[in-house]
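Student: Protein chains in written order, with the numbering used here: chain A, 6 to 369; chain B, 1160 to 1339.
Be careful, since some hints might not be right.
Claimed, not checked - Covered stretches of chain A, as calculated for chain B (at least 3 residues, CB under 8 Å):
(1) 99 to 113
(2) 129 to 141
(3) 255 to 268
As the list claims (entries may be wrong) - Residues from chain A that keep clear of chain B, each with C-beta distances beyond 12 Å, as calculated:
(4) N120
(5) H185
(6) A202
None of these hints come from the bench; they were simulated from the model.
Idealized CB from N, CA, C, for every residue including glycine.
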Amino acid sequence: MPESPTPKKRPRHLGAWVLIAAVPAACALAFGYVGGWLAPQRLTPKRLVDQFEANAGVHPGYRRNHAKGVCVAGYFQSSGQAAPYSMAQVFASGQRTPVVGRFAIPGSNPYAPDNSVPIRSMALRFTQANGQQWRTGMNSMPVFPVATPQAFYAQLQAQQPDPATGKPDPKKVATFFAAHPETAAFRAWAKTAKPSASFATESYWSLDAFVFTGSDGLRHAVRWRMVPQSADDDSAAPAADADYLAADLRQRLSHGPLRWKLEVTLANPGDPTDDATKAWPADRQTVDAGTLVVESEQAQDSGPCRDINYDPTVLPSGIQPSDDPLLPARSAAYADSYLRRTSEEAHLPGTAALPAKAQPEARP
Amino acid sequence: MKNTTGLFALPARVLHWLMAAMILAMLFIGVGMVASVSERHAWLLRIHKPLGIAILVLAVVRLAVRLRYPPPPLPADLPMLQKLAAHASHWLLYALMIAMPLVGWAMLSAGGYPVMLSDSLRLPAIFPAGPIAFAVLRHLHSWLAMLLFLTFLAHMAAALYHGLIRRDGVLASMIARRRE
Ligand code: HEM
Ligand code: HEM
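Kindly produce the complete structure, drawing on both the sequences and the hints.
Tutor: Below you can see the structure in the form of structure tokens.
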């Protein structure tokens, strides 16, 4: 039987009351620390995505990076040659897997002219017959400038436009590069890179490493690259049109599908899997995993790629993330960006209104 | 069937403490993973989804246990308002431990993600894909989690109050340590 309670105020109750207040308070403090609210110095996805917005403004409904792009659709035709290394259904011999993709240019301004950066990107979502998915986002460069999310954040901060000039402060950018020698390989590439006239003639690299697992249980560190089958006619980008990439894509697709070969590179023991600034030696074994066939395109405001988060850690069984520190950071930041833009699409209170109609505006 | 032991039934006690640990862990895992860009984000998310679905399954079992074995009555002299608060918060906790995993599952479905509980185990979608549904459900997941955390804090404070101040056997009825 419960005893009869006589909660008389006696001094020994003081300790009890303190405990009753202190235990939940300690719990709440721990929660606040783990949740980042009480740890303002921690790099969080929110701070990363806020920095994209600080650099280019808020463009409601658009991705916070690679904001300007176009949706595409097609399929992947497996050659079967990657199947011994990965049991993912997408690589099974003869398998054809539908793909919804997106070409884009990096940067957070959806109205940036296409020749403002020499980099193009390809994002793909493969939907396997068994319902599992493989999502990947690749860039048209052989190495990434930085190896860690902290360095990426520092780079974004260094590139934030100076309110006085509207352009990044060259001194800050120089200071960043001086403090980050790992950017050297990327900078060497960027020196000679020029904005291509077409999405169709570019190679797209995974940059991050992944791990393939075969049905034999063996694990293989890999990177991959989409190699264009369209000839690079080396035509200069038409300077007059800011949106020539979408126009070129439309024009090419009106003549027929575009193709890329998926080339998977297998690491040798010791090749770095946690450092996207370091290319692997050129003599590594590569496997031609199959052909990506892009058949159609659609504007990103209404196309099926709009509401896809190309989180590179959404993977089918047979492909896993490596120890590359960029991968979890990308997953976390893309989710934050995705929530912001879908919240804007949903017109949730506190979100900025969508532009009435996507119009190119004169922005540098 | 009336409870005459003054204790919660054994399955109810086991489920209570097991799920208390799981749910508290889930709350910390949840806020920790969305505030991290490190490997922690990846491995916490890998725990979060299967653990959340396990909570859903256990919550259903627990609800059945709750209906099958009525809990011991609250002390007769407990003020009406406190009784009301106790009952309301208990039902809120049951509702949230079922709603949280369902919302998590539905929001991933609405986001068009495959709901993977492991490298190869995939749950079917329980909600049509769409950006509006995703955004609403994703925010709901956060707000309900905060509500769950606050309800848990109040619940824990009340349990300590019963155990340390009132010493009325309420805390003991869940610990199975009868006071002489
Ligand atoms: C820590 C480093 C990185 C951060 C913080 C970051 C951040 C972002 C964000 C916020 C988005 C928009 C996502 C969305 O709303 O759906 C995005 C898109 C994208 N990122 Fe990254 N990124 C990083 C590294 C990389 C790397 C290494 C690659 C290349 C392999 C890459 C390739 C892409 C591509 C291709 C897209 C466009 C996806 C699409 O078209 O939807 N990113 N990035
Ligand atoms: C008792 C069950 C659950 C609890 C207490 C819980 C709690 C949480 C919390 C506190 C967060 C962080 C919210 C924020 O601060 O924004 C979160 C995020 C998340 N939860 Fe849950 N959750 C539960 C079940 C589930 C289930 C069953 C799933 C999926 C199957 C799920 C998927 C997710 C995902 C994917 C995120 C992060 C989304 C992002 O990165 O934006 N949760 N959860």
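Student: Where does the structure disagree with the numbered hints, that is, which hint numbers, in rising order?
Tutor: Numbers 1 and 3 - these are the hints that the structure violates, sorted from lowest upward.
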